[in-house]
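Taking the hints into account, I'd like the entire structure generated from these sequences.
Line by line, the protein sequences give chains Y and F.
Under the numbering used here, the first sequence has 84 at position 84, and the numbering climbs by one with no breaks.
Under the numbering used here, the second sequence has 80 at position 80, and the numbering climbs by one with no breaks.
Note that these hints are calculated values from the structure, not bench results.
Among the clues, some could well be false.
What the hints assert, rightly or not - One-sided and incomplete, this derived list gives chain Y residues near chain F with beta-carbon spacing under 8 Å:
| id | residue |
| --- | --- |
| 1 | 48 |
| 2 | 51 |
| 3 | 56 |
| 4 | 66 |
| 5 | 67 |
| 6 | 71 |
| 7 | 162 |
| 8 | 200 |
| 9 | 208 |
| 10 | 209 |
| 11 | 240 |
| 12 | 243 |
| 13 | 299 |
Here a beta-carbon is modelled for each residue, glycine too, at the ideal position from N, C-alpha and C.
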Amino acid sequence: MKIKRVLISGNEAIAEGAIQAGCNFYAGYPITPQNELIAYMSRYMPSSGGVFIQAESELAAINMVYGAAACGCRAMTSSSSPGVSLKQEGISYMSGARLPAVVVNIMRGGPGLGNIAPAQSDYFQATRGGGHGDYRVIVLAPAGAQEAYDLTKTGFRLADKYRIVVMILGDGVLGQMMEPVKFLAGKGKVSVKKPWALTGCKGRKPNIVKSFFLREGDLEKFNLKLQKDYEAIRREEQRYEGLFLDDARVILVAYGTMSRIAKSALTRLRSSGKKIGLIRPVSLWPFPDKAFKKIGRKVKYLTVEMSYGQMLEDVKLAVNGSAQVEFLGRAGGGIPGEDEIIDKIGRLI
Amino acid sequence: MKKVFGRPEALYDTPTHYCPGCGHGIAHRLVAEAVDELGIRERTIGIAPVGCAVVAYDYWNFDCSEAAHGRALAVATAIKRARPRNIVFTYQGDGDLAAIGTNETIHAANRGENLTVVFINNAVYGMTGGQMAPTTLLGQKTSTTVDGRKREWHGSPLKVSEMLALLPGVRYIERVSLHSPQEVLKAKRAIRQAFKNQVENDSGFSMVEVLSPCPTYWGLSPKGAMDWVKDVMQKEFPLGRIK
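The following block contains the structure:
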């Protein structure tokens, strides 16, 4: 297959990654700052043999994804923060019915209608399940357009592998910024078997897709199976990038767009001889505890977010009291800058 | 000897959980008979609602999915678009289709989705204990309208079928009842027609509204509930072809 190199936005890179992953169903609803994604899908989904529907609401969109996933499609929807809140009902039902799908959240400022500036304020919602019930979704956080493309493909693979919802969590900067991306041209082929899918019961017993377990004991049994699968995901699917973890005295922890600013600060600090490192979680759930556990010596951590101390809690859980964890964060349109990070680190060493 | 009557293959031989005198058992059977007669059991996908009929898949012998409350037509839209050769229908109550799912209902109909809808109107929320539904009659007592539904407080019974009939995407709408054997036969013909439209690939939305007795939450005997449909309910919801 031919490799193309193009200049596209993160939103479009996600769309292209989905098409390449064999996504054959997309339903969405317009919301800023992810509109390039729905527009891209409306153009390219039909020509790649898939279904595109502009839904009447976020609720309809996620429930269309539920239906498409139930009959065996590789299905996706995308939105931004307020819209993703509305989708939580459907994500919970999909988790209960073990339906694989990819949901994209290009985060903006909140709470409420908030604004349309980039933010990372939906970390809790994404990594703690988001809707009702004891469930998780795999959360992948790209830091640029190329990674957005790559992780979307990974997301579809993981969704099918574990029969789970995978969320691609980006922010307005990632969604809007144009960067060169290398990708395979054309639609990908998928050969995942889904014997549970609704296709009509010819030659087999009827399949049922449901999340309702009324008989005593059945729901607990189902929940225990979910937890067992989540444990396997915690074991197998932690993803992160580590920089200078061998000699660092202060380790920055940041994901997505924030990690790129943290990297710029790190480069400047290293050039002046400061021993600074970086852990960039790529999977936010499962959170990459392993990265922290590998560091045996005494270090300090500085968690930097475009939110007010959300990932901080996971860093503290990973460190479990064994190291000092400091925090720097802004949200609602503000983004911690290189200078703010450098200043904060100056006070730590 | 020639067998003239039997259980449809599309209906399992199992007791239902419905109350004595409930219309769901009859309506389930009519769906199953229509599916069998059209020879579509092996390609049918049914969407069960949230409400009394949530476990309809325990009674129907074909592929089924649950949907979140009110979202059956969003789920059905996706399945039909993704698998146009399958026959896809939703089975929804008045709370599901006409209250929490009104948006999904109107837009699926307006898009002219090639779907079949069986809309069970029993003028009350059954599963949750008899609260007011959008189709509850004026004056009807429910657990949330203990003095009866009042127009000035609760609005009037919602005429979903008449509203949907205005939309160009809607091909067929008929309102039927289950209150007598004659009406059950008419209901059967209408449900069969609504499936046949989809089988024949007539693009458009087909819906049958079924006036269905709920003796438990109407506070009536099974026979009394049938009579109430005949004498009271069908005056508010006139039977017949609407579109």
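Tested hints:
no.: 1; hint: 48; in the structure: 14 Å, violated
no.: 2; hint: 51; in the structure: 5 Å, holds
no.: 3; hint: 56; in the structure: 4 Å, holds
no.: 4; hint: 66; in the structure: 6 Å, holds
no.: 5; hint: 67; in the structure: 3 Å, holds
no.: 6; hint: 71; in the structure: 5 Å, holds
no.: 7; hint: 162; in the structure: 20 Å, violated
no.: 8; hint: 200; in the structure: 4 Å, holds
no.: 9; hint: 208; in the structure: 5 Å, holds
no.: 10; hint: 209; in the structure: 4 Å, holds
no.: 11; hint: 240; in the structure: 35 Å, violated
no.: 12; hint: 243; in the structure: 43 Å, violated
no.: 13; hint: 299; in the structure: 46 Å, violated
In summary, the numbered hints that this structure violates are 1, 7, 11, 12, 13.
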